[in-house]
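Residue strings, one per chain:
Protein chains: 2
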Amino acid sequence: MVLTDETHLSQPQSPFDLSAYLSEWQVQVEAALDHSIEVVYPEKIYEAMRYSLMAGGKRLRPILCLATCTLLGGTADMAMPTACALEMVHTMSLIHDDLPAMDNDDYRRGKLTNHKVYGEDIAILAGDGLLAYAFEFIATQTRNVPAEQVLKVIARLGRAVGAAGLVGGQVVDLESEGRSDVSLETLNFIHNHKTAALLEASVISGALLAGAAEADLQRLSCYAQNIGLAFQIVDDVLDITATQEELGKTAGKDLQAQKATYPSFWGIEESRNQAQRLVESAKAELATYGAKAQPLMAIADFITARTH
Amino acid sequence: MVLTDETHLSQPQSPFDLSAYLSEWQVQVEAALDHSIEVVYPEKIYEAMRYSLMAGGKRLRPILCLATCTLLGGTADMAMPTACALEMVHTMSLIHDDLPAMDNDDYRRGKLTNHKVYGEDIAILAGDGLLAYAFEFIATQTRNVPAEQVLKVIARLGRAVGAAGLVGGQVVDLESEGRSDVSLETLNFIHNHKTAALLEASVISGALLAGAAEADLQRLSCYAQNIGLAFQIVDDVLDITATQEELGKTAGKDLQAQKATYPSFWGIEESRNQAQRLVESAKAELATYGAKAQPLMAIADFITARTH
Chain A
75 MVLTDETHLS QPQSPFDLSA YLSEWQVQVE AALDHSIEVV YPEKIYEAMR
125 YSLMAGGKRL RPILCLATCT LLGGTADMAM PTACALEMVH TMSLIHDDLP
175 AMDNDDYRRG KLTNHKVYGE DIAILAGDGL LAYAFEFIAT QTRNVPAEQV
225 LKVIARLGRA VGAAGLVGGQ VVDLESEGRS DVSLETLNFI HNHKTAALLE
275 ASVISGALLA GAAEADLQRL SCYAQNIGLA FQIVDDVLDI TATQEELGKT
325 AGKDLQAQKA TYPSFWGIEE SRNQAQRLVE SAKAELATYG AKAQPLMAIA
375 DFITARTH
Chain B
75 MVLTDETHLS QPQSPFDLSA YLSEWQVQVE AALDHSIEVV YPEKIYEAMR
125 YSLMAGGKRL RPILCLATCT LLGGTADMAM PTACALEMVH TMSLIHDDLP
175 AMDNDDYRRG KLTNHKVYGE DIAILAGDGL LAYAFEFIAT QTRNVPAEQV
225 LKVIARLGRA VGAAGLVGGQ VVDLESEGRS DVSLETLNFI HNHKTAALLE
275 ASVISGALLA GAAEADLQRL SCYAQNIGLA FQIVDDVLDI TATQEELGKT
325 AGKDLQAQKA TYPSFWGIEE SRNQAQRLVE SAKAELATYG AKAQPLMAIA
375 DFITARTH
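Going line by line, the protein sequences match chains A and B.
Using our numbering, the first residue of the first sequence is number 75, and each one after it goes up by one.
Using our numbering, the first residue of the second sequence is number 75, and each one after it goes up by one.
Chain A extracted, bound-state conformation (with noise of 0.2 Å):
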């Protein structure tokens, strides 16, 4: 018998099925985090906090946090704790930046927003409550990682939520609103901040658990980096072409507010392009890894590919 040419194609490989991936992760997610916070006495602030972390959401931090620190070898048992302490950090921001003093959104994910239901005297607790319990919860909760690794976890959380992220972000944001003469620099600057920087602690805190190399920290870094501007360029997109329906929060607020928008730089079609570019460097810095890097490409398209 002779061997055809056929026999020697590689089989095509199997599409990876991020649906599923996803699926699977945001299940496990789901019950970590609502195991995360009991509910007891002073009910009301626990209820609050609850709230708002068990709204839903793509649960897309704690999902990179977990895809990266299996990717390097980690188990996530290991990532857990810590990838739980990024949704509570995220949700947080949430709680605050919709507050009347800040954007003022009665909606969130479809639900109306914490200080609607609670108040805003509690939703400042609640904020409060997850963040402190977030730096809490890595501590106490994390398991087979040296000590020295989840002190980096830590600083890296810290420093992503704090001034040097999350809040300069939303400092620079807040004073830009309104204003016509917001340089792309600033633009940049926000997003970096208010966005790309916890997208990169969540990537790079489960590149820690799993004691990566330093060189594995600086690709996922640039990885990160990229898909967190893709991110906020494809948000700006979504806010002028989705309904509110598919956003879950109310659509055209940022024309409406006249906020600096990358399509307001850019148009529509041209912030499409850049962000599937950003989105093509980010898988680039993956090549390295093969075939294991599967689930953190599929969530670089993802981010360009979706609708809300």
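These aren't lab readings, by the way, just hints derived from the structure by calculation.
Here the structure is a predicted model, which means the values were calculated and not measured.
Yeah, the Cβ is synthetic: ideal placement off N, Cα and C, and Gly gets one too.
Treat the hints with care, as some may be off.
Across the chosen pairs, the derived CB separations fall in these ranges [said to hold, decoys possible]: (1) A:Ser-257 with B:Phe-339: 57 to 63 Å; (2) A:Lys-190 with B:Ala-365: 55 to 61 Å; (3) B:Ser-97 with A:Arg-217: 50 to 56 Å; (4) B:Asn-178 with A:Asp-180: 19 to 25 Å.
Pairs of lysine-lysine, DSBU-like flavour, derived with a Cα cap of 30 Å [stated by the list, open to error]: (5) A:Lys-226 with A:Lys-132; (6) B:Lys-118 with A:Lys-190; (7) B:Lys-366 with A:Lys-190; (8) B:Lys-333 with A:Lys-118; (9) A:Lys-366 with A:Lys-132; (10) B:Lys-190 with A:Lys-333; (11) B:Lys-132 with B:Lys-366.
Fit chain B to the known structure of chain A by using the hints.
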């Protein structure tokens, strides 16, 4: 020569100079806090964080941490980053408590409150920034302490500030406002969480950094809980008896707000007695450490003796 009776008597112990002790440490804590936050872009948030952090105050929490760490054989250098973090967390809680949605205070330590100077949005973010930075600061700046112990400090601080501590106490405090049926049990809950929890974390974190044994931790917890409650009772009394100038904040506010206070249960004289009994119990816990515990002893006395 015959020895007289007198020569058998020990020399009278030189009285411990608490005022000099506090001043000396205050200078060092102020310097460390001043170095802890640099003003970079976006300047406004760093200035807002520094405005409240550098607004004076007794620096009691940092000094409790430093005093406990050195009592148990640790060094001040080991404890200084945590000492600073405790003041950052304390400052965050003051900024958020003063917000219009909470206690709505215009003055604090004789100066305008953070939101009166920077606006509500920046004040919320300055609090968030200080809280996140506190954990980052401990994780990155602590030297010569095993990482496991640093993690315990972080866990303890997180619990003290979150829903199981400060935040939970503030929630019950807000719920109790304007109600005439607040029980002594509820009042104790409020202050054990709003005040005593962070004082206890200050003492215990100093002990953990020094590598304290379990027996030390238990004794020092009792000490801290007792002085924490005494501190609040004295605060309540001073709100009635001291002038606005002495307090550096609006006097008589509790009465105006019809808040439940210890004097409203016990009267002023019995409140003072209760505080004194708590201070004596606190000091009894320290007997085993002898003269080395003079600073913590004197701090306990200072709590009932202070006039502002």
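Going down the list of hints, with the structure as the test:
Checked against the given bound of 57 to 63 Å, the beta carbons of A:Ser-257 and B:Phe-339, roughly 60 Å apart, stay inside it. At roughly 58 Å, the beta-carbon separation of A:Lys-190 and B:Ala-365 lies within the given 55 to 61 Å, and the hint holds. Separation of B:Ser-97 from A:Arg-217 is about 45 Å and departs from the stated range, judged on CB atoms against 50 to 56 Å. Checked against the given bound of 19 to 25 Å, the beta carbons of B:Asn-178 and A:Asp-180, roughly 23 Å apart, stay inside it.
Distance hint between A:Lys-226 and A:Lys-132 is fulfilled; the C-alpha atoms sit about 26 Å from each other, no more than 30 Å. As the CA atoms of B:Lys-118 and A:Lys-190 are separated by approximately 28 Å, the hinted pair is consistent with the 30 Å bound. About 53 Å separates the Cα atoms of B:Lys-366 and A:Lys-190, which puts this hinted pair outside 30 Å; it is violated. Using a Cα cut-off of 30 Å, the hinted pair B:Lys-333 and A:Lys-118 holds, with the two alpha carbons roughly 20 Å apart.
For the hint pairing A:Lys-366 with A:Lys-132, the CA-to-CA distance comes to about 22 Å; that is within 30 Å, so the pair holds. Taken as a hint, the B:Lys-190 and A:Lys-333 pair is honoured in the structure, with Cα atoms around 26 Å apart against an allowance of 30 Å. With a C-alpha separation of about 22 Å, the suggested pair B:Lys-132 and B:Lys-366 falls inside the 30 Å cut-off, and the hint holds.
In summary, the structure is inconsistent with hints 3 and 7 from the numbered list given earlier, while agreeing with the others.
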